[in-house]
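Chain order of the listed sequences is A and B. For what it's worth, our numbering labels the leading residue of the first sequence as 1, then goes sequentially. For what it's worth, our numbering labels the leading residue of the second sequence as 1, then goes sequentially.
Incorrect hints may appear among the rest.
Claimed, not checked - Each computed DSSO-like pair below joins lysine-lysine, with the alpha-carbon atoms no more than 30 Å apart: (1) A:K35 <-> B:K79; (2) A:K42 <-> B:K46; (3) B:K21 <-> A:K50; (4) B:K139 <-> A:K35.
Since the hints were derived computationally from the structure, they do not count as laboratory data. Since the structure is predicted, the reported quantities are computational estimates derived from the model, not experimental observations.
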Amino acid sequence: MNDFLNAFEGFVGVNFWTMIFAWINLLILYLVLRKILFKPIKNMIDSRQKEVDDMYDEAESSRRDAAQMKAEYEEKMKHAEEESEDILKKAVRKAQLREEEILQEANEKAARTLKRAEEQVELEKKRAINEVKDEVSDMAIGIAAAVIERDVDKKEHAAMIDDFIRQMGETV
Amino acid sequence: MDLSVTGPKIYFEIPILGGIKITQTTVSLLVVTILLITLSYFLTRKLTKRPGRMQVVVEKLVTMLYNLVEDTMGKHNLKFAPYIGTLFLCSIFGTLIGMTQIFRSTTADLSVTLAWALVTTGLVWYHNIKNFGFLAWLKGFTEPIVVMTPMNIVSEIAQPISMAFRHFGNVAGGSVLTALIYAALAALSNLLFSWLPEVIATVMPPIFQAGIPAFLSIYFDLFSGFVQALVFSLLTMVYVGGACPPPAEENPSAKAE
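Extracted from the complex, chain B is given alone in its bound form (with noise of 0.2 Å):
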């Protein structure tokens, strides 16, 4: 029995640029795309003012999404919302996608992860000096005293690629450990059947990959990628919320990190 840790399949190269590489997220990347617009399209074709079933659910979702983020960020950046919704949607449909087996979960690629966590990153510094200022925010980094400033440099860093890298840990551990239980489910099955003569024991199924797995899989996918998707998109809230106070503040705030 083989069992292999691997990152997602190569597809191909396109030899360019020093080599694009297409990889089971590129393609992953791309379903999701299509199948969140698609979804969208057909969910949002017909608007009435007096909804249908899926109109109301689907408005349910909207308004649940623009009272997080007024609660988390504040009134003054509802316009933050389709962003975390768009982020949010990416990562749960990321997630979730790698239960079919045919596609590779979007968020088990580190790639994936850290280049939303740079957005993030990218979104809270260029909010930071357009609403308080290079140098201020500059200065920033020097509070509460001077001794402190190599330390908020290192948190500043480190704030992407943790975000990244528990949204991939989560999702890619979740998915070695399935890989390790069919495993040795397989294994398992085979120790059940071994008593059999050998032409017959290895036609048989491994029958202990049969159900149990979909448990792990409520737990390792579903739930996991649900709070996964959750805890990116309130990162990314407080985060870009800390960095856009309300108007009518006036003190521009040193963000603490």
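With the rest of the complex left out, here is chain A (with noise of 0.2 Å):
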């Protein structure tokens, strides 16, 4: 019986070797636990964090970049807008001087066919007239001399009838 008591330790008493076991286990649970399991999922923790937050700023400059490649896309846009305007307005104004400048040339050329065309009408009329008028003025002569049969003195008579086609010449 007093075997089988001592082979237990008191209830309530103090194990002076069970305290530096404690002691011992406490140590190198704490080492052991810090090492894999507290610090790695700690800093998995914090570093996942730290990548969502990266995320985020990231995200956020993103972003801003994007707003202001779009302003300046849109001032592109409308600065690309004011010159081709400036295009178009340079162009059409080109093209009216072009083409006030081909009607001038057109008008020049027609005007001047026009003055040459006159002029040789008037040389034909002025070379007919005079055809006209020695004929008649032969005629003339003729007529009278066979009319009077007289021999008329033809300068006289030429100067006379001259006179005479030029006031007819100039009603007709």
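Both chains are given apart, each in its own frame, so use the hints to dock them into the complex.
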């Protein structure tokens, strides 16, 4: 009976060696758990938190970049519109100038042609009149000679007839 | 019927240094250590940024631990979180291992809880002296008035003892109560079968022992074990946190105890 009881510690008692074992176990557990449980998990949580923060920062900066690019693009578009308008205006003006030039040229050419034609007509008219005049004067002299059968001073009468024809010609 | 309330069984004694007794507690401590290291190893073997279910749970628990330490001790004392976590795990696993009926709860041995409580006291003293200086720490005992000095010294000594006995008492008391109830239920079973011939009655199982102790175990082992582990860790946090004030605080306030 005594032996049996001796195989147990007291219910409320302190065994120094058990305390030492408790300390050793606690120390080992502290060192090991800190290394393989607490630190890795804490680091994982922190790094994930950091990653999420970074992602949000990055998204924010991307958004800002996009907004800036959009503004730049709009600015450029506006500029391009102005430029194209400018080019169009220039082209129109140039075309108008060219048009006027062509018109003027054409007008000039037409005018020149007309003038030349008029001159030619005038010339023909003159020549025709002269011819007719000559013929008429010859005819008149002939007729007069035949009528009076007298020698007529051809020179004198020619002047007289010319006068007459001129008067006639002015009425034509 | 025999009902004896004993301490941990002594398996053998190493006959050096005045006899190193290897008891049930020693074995349980070792088992808890191996269990916790193995568990931690498997839980943290494959940590990924996109956690699986297990990792989420473990991360949640670790986050809770760090939040608790931050709330109780302050952000500057987060370095204590692994120790507090280890202490909590040692305590709760040490208590729960008693439920296996193979091993004895480590916390049902006063040696263990006293050892842990002395670590707390050691940390408090070390950080008090480190942060306030040895003389300021000694002077702290004379505050608020010199007459209080003996009281302060007594309370300083009482602190680890009360911590150790609180934890030990709860767990050991629970196990004693459980043993008593088992015995009572066995007696009740015997009473039930007493009308049977003696030959049959002795081989009948103590049927009342089935089921009923489980409900008591929920309280005495699970609930009480959790509460005591929490209380022990919280007290450690409060005491050590008191010895480590925030770095910005200039006035070395005496430790109120």
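So, going through the hints one by one against the coordinates:
no. : hint             : verdict
1   : A:K35 <-> B:K79  : holds (13 Å)
2   : A:K42 <-> B:K46  : holds (14 Å)
3   : B:K21 <-> A:K50  : violated (51 Å)
4   : B:K139 <-> A:K35 : violated (38 Å)
This entry does not satisfy hints 3 and 4, going by the numbered hints stated previously.
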